[in-house]
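Novice: Sequence:
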Amino acid sequence: MAASLILHKRLSTTVAKAKALRKYVEPLLTKSKNDTTHSRRTVFAYLQDKESVKELFDEVSVKIANRPGGYTRILKTGYRLGDNAEMCVIELVDYNEDMLTTTGTAGGAKKTRRRTSSKKKGAESTEASTPAAPEAEGTKDETKDAE
1 MAASLILHKR
11 LSTTVAKAKA
21 LRKYVEPLLT
31 KSKNDTTHSR
41 RTVFAYLQDK
51 ESVKELFDEV
61 SVKIANRPGG
71 YTRILKTGYR
81 LGDNAEMCVI
91 ELVDYNEDML
101 TTTGTAGGAK
111 KTRRRTSSKK
121 KGAESTEAST
131 PAAPEAEGTK
141 DETKDAE
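Number 145 in our numbering belongs to position 145 of the sequence shown; there are no gaps in the numbering.
Source of the hints: derived by calculation from the structure; they are not laboratory data. Note that this is a predicted model, so its numbers are computed, not measured. One thing to keep in mind: the hints can contain errors.
Pairs of lysine to aspartate or glutamate residues, derived as EDC-like cross-links and limited to a Cα-Cα distance of at most 16 Å, are as follows [unchecked claim]:
#1 Lys31 <-> Glu59
#2 Lys19 <-> Glu97
#3 Lys63 <-> Glu86
#4 Lys9 <-> Asp58
Build out the structure end to end from the sequences listed, making use of the hints.
Specialist: Pasting the structure below:
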């Protein structure tokens, strides 16, 4: 599964297998940052696949070179029909082009969960109208006294 993840950049599997795969693959991805003969042989001992080792050291390690960790992402997709197992997609973080483009545009327009300013303006306008109301009552009293 680790070799398939490196070659295809994305796998659909159960959540339990994805979490186990994450613990297995992330140290290999960290070793790939240091491109030496020793690290290549160490990674090959785990993967046993020449093509995936070549892909890992030539392409993947270049993209993750400045990332301090967290090379994989697990996205839950629902439950499998046959046995109701929780399914997910595990992917390499820097290879999901859709997520990279949406996070770049959404970063500037962050929404807060606070009250809008229209509520505050409404409270200020009621305070402003409150002092005017006693003056109006005072004028009514004066008119009654005048009669």
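Novice: Take the hints in turn and mark each one as holding or not.
Specialist: We went through each hint and held it up to the structure:
1. Restraint check for Lys31 and Glu59: satisfied, since their Cα atoms lie roughly 14 Å apart, inside the 16 Å limit.
2. At roughly 22 Å between alpha-carbon atoms, Lys19 and Glu97 are farther apart than 16 Å, so this suggested pair is violated.
3. Only pairs whose Cα atoms come within 16 Å are accepted, and Lys63 paired with Glu86 is rejected, the gap being roughly 30 Å.
4. Restraint check: the Cα-Cα separation between Lys9 and Asp58 comes to about 14 Å, which is no more than 16 Å; the hinted pair holds.
Of the numbered hints stated above, those contradicted by the structure are hints 2, 3, listed in ascending order.
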